[in-house]
Amino acid sequence: MIRFEFEKKDTAIYMSHLDLMRCMTRALTRAEIPVKYTEGFNPHPYLVFAAPLALGICGEKEYFEIKTTEEMPFEEMKERLNATLPQGLKIRNAEESKRDFNDIESARYVLFVEGKTVADWERFFSAETIPTEKKTKRGMETVDLKTEILGWEATDGEKGLSLTLHLPCGNRKNLSPLLVVKTFAPEEEAYYTVSRKEFFDKDGHRF
Amino acid sequence: MELERLLLRVKNPAWYSGGELNTAVKDKNAVKTRFAFCFPDLYDVAMSHLGIKILYDILNRRDDIWCERVCAPAPDMEELMRQYDFPLFGLESRDPIKDFDFIGFTLQYELSYTNVLNMLDLAGLPVRSCDRTEEMPVVIAGGPCTVNPEPLADFIDLFNIGEGEETLLELVDLWQECNGNKGEFLRRADQLESCYVPALHDRSVKVRRRIIKDLDKVPYPEKLIVPNAKAIHDRISMEIMRGCIRGCRFCQAGMIYRPFRQKSPEGMMKTIEKLCKSTGYDEISLTSLSSSDYDKLPQFADMLLDYCTPRKINLALPSLRIDNFSEDLLKKLRAVRSSGLTFAPEAGTQRLRDAINKNITEEDIFESCRIAFTGGNSSVKLYFMIGLPTETDEDILGIADLAQRIVDYYYSLKIKGGRGVSVTISLSTFVPKPFTPFQWEPQIPLEEIHRRQQLLKNAITSRKIKLNYHEGKTSVLEGIFSRGDRKLGALLECAWRKGCILDAWDEHFRFDLWTEAMEECGIRTEDYAGRRYQYDEELPWDVIDCGVSKSFLIRESKLAYQNKTSPNCKEKCLGCGVKSICGGDVCDPV
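These protein sequence lines map, in sequence, to chains L and S. If you read the first sequence in this note's numbering, its first letter stands for residue 109, the second for the next number, and so on. If you read the second sequence in this note's numbering, its first letter stands for residue 3, the second for the next number, and so on.
Do not rely on the hints blindly, as some may be mistaken.
[Said to hold, decoys possible] List of simulated lysine to any residue pairs, SDA-like, C-alpha gap at most 25 Å: (1) Lys232(S) <-> Ser124(L); (2) Lys279(S) <-> Arg134(L); (3) Lys117(L) <-> Met3(S); (4) Lys198(L) <-> Gly21(S); (5) Lys225(S) <-> Arg263(S); (6) Lys117(L) <-> Arg96(S); (7) Lys314(S) <-> Arg130(L); (8) Lys574(S) <-> Arg244(S); (9) Lys225(S) <-> Asp46(S); (10) Lys117(L) <-> Phe88(S); (11) Lys232(S) <-> His152(L); (12) Lys117(L) <-> Arg11(S); (13) Lys13(S) <-> Met129(L); (14) Lys100(S) <-> Val174(S); (15) Lys298(S) <-> Asp218(S); (16) Lys198(L) <-> Tyr145(L); (17) Lys242(L) <-> Ser303(L); (18) Lys144(L) <-> Ser205(L); (19) Lys208(S) <-> Asp192(S); (20) Lys290(L) <-> Leu253(L); (21) Lys279(S) <-> Arg200(L); (22) Lys279(S) <-> His152(L); (23) Lys314(S) <-> Met129(L).
[To be verified] Here are the computed distance ranges between Cβ atoms for each label pair: (24) Met180(L) <-> Gly126(S): 48 to 54 Å; (25) Gly247(L) <-> Tyr385(S): 38 to 44 Å; (26) Arg200(L) <-> Lys459(S): 57 to 63 Å; (27) Ala191(L) <-> Gln178(S): 33 to 39 Å; (28) Ala191(L) <-> Thr363(S): 50 to 56 Å; (29) Gly247(L) <-> Thr363(S): 50 to 56 Å; (30) Ala191(L) <-> Tyr309(S): 20 to 26 Å.
If you're looking for bench data, these hints aren't it; they were derived computationally from the structure. The beta carbon of each residue, even a glycine, is placed where N, CA and C say it ideally should be.
So here's chain L without its partners, still in its complex pose:
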């Protein structure tokens, strides 16, 4: 298994996870990387992404893994892919997989929320509970942001609030930073940017 570290920025943030999978499959084809395909009636490439990134969020250290049918130097795969990726996607590193994506437990996000201040955030977060509605496979569910948010740090900037959030992320439990920011700044014309910086495992070590 080969693990690629990549970034998703600029216009590529408007790709959904499904769009990204389609895009990467085609990029691997264009780059002529010897990807291994699944057996069966409808073969598709072995291509696995770490925790999906929601549409609109920028990703700085994202990961996917592939299996190959023959050897190719990591550096060459990286270069070939970078020569054919659309604007905003870039491979930063390719290497042998060392860890299982299932080890991911949390992630750190950096947000900018226009027109808001640290005081606004502190007021928001000082409530005893912060219930909000979350869409799940089973329907709408109420979650309490107060207990779900693992950690935060806020600083005032010239145009708004800069907020670092540490949130559960992965297969077992996941909290979208968009849910947090939409609860905090529910105004229709609110403007914010969100960026995922890095993943952590259950012991709090960098993934």
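With chain L fixed as given, assemble chain S onto it according to the hints.
Frame of chain L, contents of chain S only:
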């Protein structure tokens, strides 16, 4: 205001962000002419359309031209654009298109006309040509609907009739020669054979449809834009030929894309290899009006399969005709991936199939079904039309009867391990179209469309048969505009001002507003869609010479009433008249 501020508030931001692979990005200061190629519908439809890809490529091959794509925004995006005064922009540069030299619309279907007005308005331009100043861009239009340009004549400065590969570049050259003087440009362009400037044109001078003589000699894209968000047809389209040898009497495409011209398999294979490499797509669709009429289809299919199979590329072959559907070919296609089969008998009885000149017999249909069923396919989709000239209730009941007999036939074959048959009937309503033998025919009224749909619905008893159809109101509107005259400009503007846009989408189509607008403008369905036009009356589209002559169309129209078929172009030349615009060396389908 930056675009980013709007994007996260809409459902499909990737429709407006640009940044896709293989887009043309140029330095605006280094180009002489900027061209906004507008597709008057949503991004996922626009990006499925082959014509825009061909012309985008041709324009951008020139260093002095920058062609960008522009699509109609969905209502959520439009609302924000209007709220924040964010003008319609080119996807590549995000610059407002009102500052471009050309705004070019492709008119693919009548129900996109309100989007043309809406896009001009979103660009910040007056919708009517006469209200736009010399400094504003030249607004041009092309595409199949321009064979009757009259309904849009108030809004478009210049129509380019026919195939655009050569003329678009000639128009840009003329523009550069005129140093961007719009008045002079339009005066001179109107003198060109295939150009129609409604404000200036002398109607006694016919505008002649432009055709490409040798398709192998015009460029075909070697790379395609790969959308970041899924398009409706997200695949490589390879046009294998243009024109059709069949003369189905209702079919406009079969008449206005004449003559029949085929591309060479070798040339296409080279292009396909490049396209696969530059896009990474896993599906190729062969595009034409009737793929199985391509002379070298067996050889070409082999070449394609040799290339596609090891690369796991799927091959789609739409528009296969039922009668020469080959068993061998089907088997080969199945080697890649199987999908359901679609056929278009169009009418339920042999009598009516003869009248519309759909040269398909019942034996052909059942033979095709046998091949499909024994080949392991158990789902068949059949296209039919209601409201065809001379149609009676017997013909409609014939559709149900035919579908039922296909179901019975499946079970009579006693296929081992079969999952049971499924027959889907897809029903559309006949719309009379210019330059067809049925161009004089009235369309049946809405109530009659409903009655005939119901008649068919009640005649279907098997649960193995599924019937799909559209309500019918959009067909009426299509019927009004397809044969419309210049008076419809007022209706179009009125309906658009009331809020009619995206009429091709059920969820946006507002027949109530259209009805209101028609009352206000004094336009009645029975004067357009519902009227029988006379052979000897002057038709709104008489200013255009499409190649097929009126005498040919009248001849064919009369044969329909005798339930008589005509041979196809390979069997016998019927003297349709197209040779007059292309010469005998081009039109030689044998």
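* Asked: Is the hinted pair Lys232(S) and His152(L) satisfied, with a Cα-Cα distance of at most 25 Å?
  -> Holds, at roughly 18 Å.
* **Pairwise beta carbon distance, Arg200(L) to Lys459(S), judged against the given window 57 to 63 Å** => This hint holds: roughly 59 Å between Cβ atoms.
* Would you mind confirming whether the straight-line C-alpha gap from Lys279(S) to His152(L) stays at or under 25 Å? => Distance of about 18 Å is within 25 Å: holds.
* To do: Compare the distance between the alpha carbons of Lys298(S) and Asp218(S) with 25 Å, and conclude whether the hinted pair is satisfied.
  => Cα-Cα ~15 Å, so holds.
* To do: Quickly compare the C-alpha distance for Lys198(L) and Gly21(S) to 25 Å and report which way the hint goes.
  => holds, 13 Å
* Asked: Gly247(L) and Tyr385(S), beta-carbon distance inside 38 to 44 Å?
  -> Check passed, 40 Å falls within 38 to 44 Å.
* Asked: Does the Cβ pair Ala191(L), Thr363(S) satisfy 50 to 56 Å?
  -> holds, 55 Å
* Asked: Is Lys144(L) within 25 Å of Ser205(L), Cα to Cα?
  -> Judged against 25 Å, a Cα distance of about 16 Å means the pair holds.
* To do: Assess, step by step, whether the Cα of Lys279(S) is no farther than 25 Å from the Cα of Arg200(L), and give holds or violated.
  => holds, 23 Å
* **Distance restraint between Lys225(S) and Arg263(S), which requires alpha-carbon spacing of 25 Å or less** => holds, 23 Å
* To do: Return holds or violated for the Cβ distance of Met180(L) and Gly126(S) against the range 48 to 54 Å.
  => holds, 52 Å
* Asked: Holds or violated: are the alpha carbons of Lys232(S) and Ser124(L) at most 25 Å from each other?
  -> Within the cut-off at roughly 10 Å; holds.
Violation of the numbered hints given earlier is absent; every hint is satisfied by the structure.
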